[in-house]
Amino acid sequence: LNGLAASSQSAFDQLTVNEYPRGIGLLPHVDTHSAFEDAILSLSLGSSSVMEFRRHGDDDHRRLFLPPRSLMVMEGEARYAWQHYIPHRKSDRIAADAGAGAGEGEGSVSLRRGKRTSMTFRTIRVSGQCSCSYPQCCDSQEGKLPPTRMKAKSNDEGQASVSPATGSASSSCCGVDETVSPELEKLHVRKVYDSIAGHFSATRFAIWPEVKTFLDSMKRHSLVADLGCGNGKYFDVGKHCCMTGGDLSHQLVAMCKQRGYEVVQLDVVKPPYRKGIFDGAISIAVLHHMSSFNRRLTAMRRIVDLLRPGGRALVTVWAMEQEEEKKMKKWVELDDNQSNKGDFGRDFLVPWNVPFHRPEASKAAKSTEEAAGKIDEKKGTVVFQRFYHVFEKGELDHLVGCIPNVTVVKSLYDRSNWCIVVQKDEEDSN
Amino acid sequence: VEAEKVDVCECEFNPDFLRSMYAKLDWTAFRETALSLKLDELPETVSEEMLAGDEQFLRAFHHILLEVQIEEGALICPETGRRFPITKGIANLLLNEDEC
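Sequence lines, in order, name chains A and B.
Residue 250 in this note's numbering sits at position 250 of the first sequence; the count goes up by one each step and never skips.
Just remember that this note's numbering sits 1000 ahead of the position in the second sequence, which is counted from 1.
Be a bit skeptical, because a hint or two may be false.
Which chain B residues face chain A? A few, computed with CB under 10 Å, are given here [to be verified]: (1) Ala-1023; (2) Leu-1075; (3) Ile-1076; (4) Ala-1091.
Hints were generated in silico from the structure; no laboratory data involved.
No experiment lies behind these values; they were computed from the predicted model shown.
Even glycine gets a Cβ: it sits at the ideal position worked out from N, Cα and C.
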């Protein structure tokens, strides 16, 4: 094996063996620069798979077919500057001639995956200092050193479902622990909603037909969760069900409680409910407040986790394709959100105007806190900035595609929002 | 569960609803919670017959599930001991950053 590396490095002295059950893949990551030398070898046994690569910082994206008993050699730019991942799928589309590129066009075939075992050979970097030519991705140079995935994973106790295989030092390039709410969200989601809650609630009365259709389709007494319930406007629509839920904002939850609903204060990234028991779940205009792909994926996975086999969830988010385009001119695009580099969609701060006559306005005007509203004399309002990751076409579907055991039932655009209905697979004897 | 203030709020009795709810509950945990509130009318195990027609059982189940509300207190994780406070009937289940 040692002769296979183009770069001159010491003999491979670290081996990770991972088992991938059918349907389970690997989240995007770059193997930590400071931990391992250049060349990394990966032997695939038992089943074929497809590994995908995406370059840090742009949209370039490649797919590599890995037949069983094949050895992949990853070094140089591919090892240092491209994230690799395995989509969570039960089968892959392969070019008919089974060439190295995984094909999708004419003559491609669908190849069922089975259980795959990988053996990954690495050389431990004794110095702990990487001096590669890709400083932006390098934790010894300009890249930030993220907490290890093992730390994040050790909090996912007792999950029988998805647990992506992770090598002991694999980590997402410039990534952060996805269960911790970043500063951006603390200031421009949570604090803002707490400040504007009353005014926000007063403007939330329209019942969306898609949500109504979804709730109407739930049987009587179904157990349904509303994650990010806001002022609770959908609890009434779902009154034939047993609806429960919650929101991040204490003020908004208190409003729901006053109306007699079963609510708690929660974070959709860590819902405090037992998994696998909900007949239905909705999360309306919530996921777009998460500032990184990993957090959005975690939230989506947690929503799916709550569902019983056969249960369904409806998730809606703001679309890049806005019906009132001129509204977007008031949005401020955030180019420097590190967690969104190379991903879909775009990040914005979107203004929320509270008129002077509202109690929320006078309270905010007195506050000196960061992310408190700013006074707009001309408009006669106090302006707050909310963080939004606005989704592009296909992005929600892609997010769901990263999760095994779930199928898309319906995916559509409605009034400046992308909506998706997903169904958790029935238990199968795999 | 720790309860400093408990309210009772009357609510419509619906046996069908109770049967659907029973399927979703972890009965042992539910019963233990009731016991910690000094409510001991719930049996250890529930049979199909009880769900079908035992009025006394259904009334007790209804009362504890829907009418007893904890206004002030806390939920306590049996594994870690972590307390999640309940204020004005709302449980705060947010984790602190260092517990993620």
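Okay, the hints, checked on the actual structure:
{"no.": "1", "hint": "Ala-1023", "in the structure": "holds (9 Å)"}
{"no.": "2", "hint": "Leu-1075", "in the structure": "holds (9 Å)"}
{"no.": "3", "hint": "Ile-1076", "in the structure": "violated (13 Å)"}
{"no.": "4", "hint": "Ala-1091", "in the structure": "holds (4 Å)"}
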